[in-house]
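Engineer: Mind docking chain G on chain V? Use the hints.
2 protein chains.
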Amino acid sequence: MSNEKFERPSHVVLTSHSNQVFKESLPVNWGATNPKDRGPIIATISEKENRNAIGTHSGSYTVYRALSIAKGDYAREHRPELENTFSPVVIKPQESWFDPEKIVSIDPWGGHIQELYGDYIKEGYNIKPTIAVTQARLHIPEIFEAIDKGRLEIDGDIVAEDKSIKVTKIAFEPVWYLPGIAKRLGIEEGELRKILFNETGGMFPELVTRPDLKVLLPPIGSTTAYVFGDVEKLSDSEAELSCRVHDECNGSDVFGSDICTCRPYLTYGIEHAAKTAQKGGVGLIVYYRKEGRALGEVTKFLVYNARKRQEGGDTASNYFKRTECVAGVEDARFQEFMPDILQYFGIKKIHNLHSMSNMKYDAIAKSGIEVVNRISIPDELIPADAQVEMEAKKAAGYFTAGEVKDKDGLDKVLGRNLEE
Amino acid sequence: MSNEKFERPSHVVLTSHSNQVFKESLPVNWGATNPKDRGPIIATISEKENRNAIGTHSGSYTVYRALSIAKGDYAREHRPELENTFSPVVIKPQESWFDPEKIVSIDPWGGHIQELYGDYIKEGYNIKPTIAVTQARLHIPEIFEAIDKGRLEIDGDIVAEDKSIKVTKIAFEPVWYLPGIAKRLGIEEGELRKILFNETGGMFPELVTRPDLKVLLPPIGSTTAYVFGDVEKLSDSEAELSCRVHDECNGSDVFGSDICTCRPYLTYGIEHAAKTAQKGGVGLIVYYRKEGRALGEVTKFLVYNARKRQEGGDTASNYFKRTECVAGVEDARFQEFMPDILQYFGIKKIHNLHSMSNMKYDAIAKSGIEVVNRISIPDELIPADAQVEMEAKKAAGYFTAGEVKDKDGLDKVLGRNLEE
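The listed protein sequences correspond, in order, to chains V and G. Under full-length UniProt numbering, the first residue of the first sequence is numbered 1, with each subsequent residue one higher. Under full-length UniProt numbering, the first residue of the second sequence is numbered 1, with each subsequent residue one higher.
Bound conformation, chain V alone:
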């Protein structure tokens, strides 16, 4: 099969204007009290007349899918065979799933399409899951160390004899309800659509020509949640919950670069998540693909160089300034949408939030979730070169249980030279 050439589309439909609205497309009633009334999101390409969303599946991987088709490796009309792919655990609908404002950046029903929209699928609608759940065992060197040092115990349940940790993991594709996105950002929907179109270099004309299409599947990275212990306990305020909402940093998370604290924060969060599950609570790590403050690595590396070379060296007092000069903004991450994943699980209370970011804390609080304790990373886990970031953040008002340095102190927190 993989060597056959598949038929290619012979014509191009440039832009679907409102007068081309197809009667075959099912309406989307975001936040409807019944998921059948809400309706499935149809963003596949095979039957254009059924589409009720802008963009398509798999985030930015849609570009690779298109190349696969161009190369002839991929059946254009492929429908996913979903036999046996269902979740190994039950993910129960939560009140937030019926609220059009609590969740606006993922489709809460995106993991239940077979049960809910099976009839449509049989009728020929090409509906794809946007949420998938599986189980895994994690082997993490920092966790092995935590066990060896007696900080974490082998219990044969959460932590196995081979020191691996058992988790349930959930992948979320972005599905944006544009009226809700606009409201979160405090802007008119029409303005949001224009800006999204203009500032991406003209991606998806439907943003401006099809105001009737309210849902966008943007070509951005997905989000993955790792649950330690029983998923159902996430919605139980009585069960202790330890949680880290982690923004991707490839240089540290994978390669252990010592200019920041990302991986140490992450593995400390995992350790605490596992420990909380062992005590009868539950742990949650959410991994958001927002590399380099959602600016990307090219910008990040330019900023590193500018920080290291600036007059007076890489001091904590100048930490934020350089990003803004190079990138135009200190930080392009949107913590505004981050709590949607927490709402998906029905979380109402976080007992231990592993983060020193006020942006994260504020977004969580604003979404109606109570945070009991904020946990900052223990000093001994901070790499030497990352002290610049750490002290700059504390001085800027990030959460810390420890001391905050004044300007004079910040000038003295100096990172390594570029060539060292």
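These aren't lab readings, by the way, just hints derived from the structure by calculation. What you are looking at is a predicted structure, and each value in this text was computed from that prediction instead of being measured. Heads up, some of the hints might be wrong.
Where chains are identical, the list cannot tell them apart; a pair therefore holds if satisfied intra-copy or between any two copies.
Unchecked claim - Derived DSSO-like pairs: lysine-lysine, alpha-carbon spacing no greater than 27 Å straight-line:
(1) LYS36 to LYS405
(2) LYS412 to LYS321
(3) LYS214 to LYS194
(4) LYS149 to LYS163
Structural biologist: Okay, now just chain G, sitting in the frame of chain V:
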């Protein structure tokens, strides 16, 4: 500055048709013998009349940038202040940079815009780097173990006293020269443009309306190269080169999931790369953002479940089949473009290629690079549950120095149950 509201665009230009070609835009002559004749790639949004490419910068992070503007945090007209951002090492142009076919998916001059196109920048052209270089120290637990076990030495140069490894790292944003991309895939440029437009749900009408624009900055992830030792040695065939071209796998690379061998392969590659540099050679790890065979994690998790639940269990003999059923293709990765990064560094010979993939090997060989040894991962580094993947790949013809199992043997290589 970050709290001001910036002026928003008041009108929308839907599609730039060919009759709207602006005389202010500079021509792009891909592969020209002189980089000034090649011309800068201008894909910024601030002066639309200067644009000579489709799409815009930062890959998929452009969507976050647009949201930043919508929220009012970001100066729409921001020009990057590039002072002090230049590379800490000299990256010398290579013959391949002047060849329109050797490099088609990145802009080889994208890291040299200040030297080459400084005059244009002064004139007001908003030109942005698409390549950035910096230096870092990596702290990796598996490397600490390699040192403790005597496999890797502290030399105070490549490997520091604190067991960190010194590297030069280079981030590459995707910049696609469409005629070259089409040629690599064996398809007409016009067909490629139509498919890219249609199959992404109508991203960038300019793909079909502006055949004069030959360059696309697609909204996909970037690529990062980590160099161990002297970058200049990469182009010297006499210097021993150990190399791993690694496709992202977040579940293993970051979280150590044991269903695959991704992180063990990566850290083994890093160990060997450092060791080769210590011996006077050079090491290279290239990290490509192609999660889950460029299908994304939602698909990946569905496939995991289907594999674990199929009749007979998760056997090596059924490994590839399940991905094709769920996703429509076994693998959507494009090793066809992967060697562009190797060509960027002027690599002509790889002494030790850490990979068992024939797709990778074939693409490298096809691009004219000689591979001396192919290195597969030592058995003791393969997690138990990943034996399914490993044996399936060997039987499918992936490279191995070891034994290949027959059908009967493959049926017996059985992964863990889903609920175990």
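Engineer: What hint numbers does the structure not satisfy?
Structural biologist: The structure breaks only hint 1.
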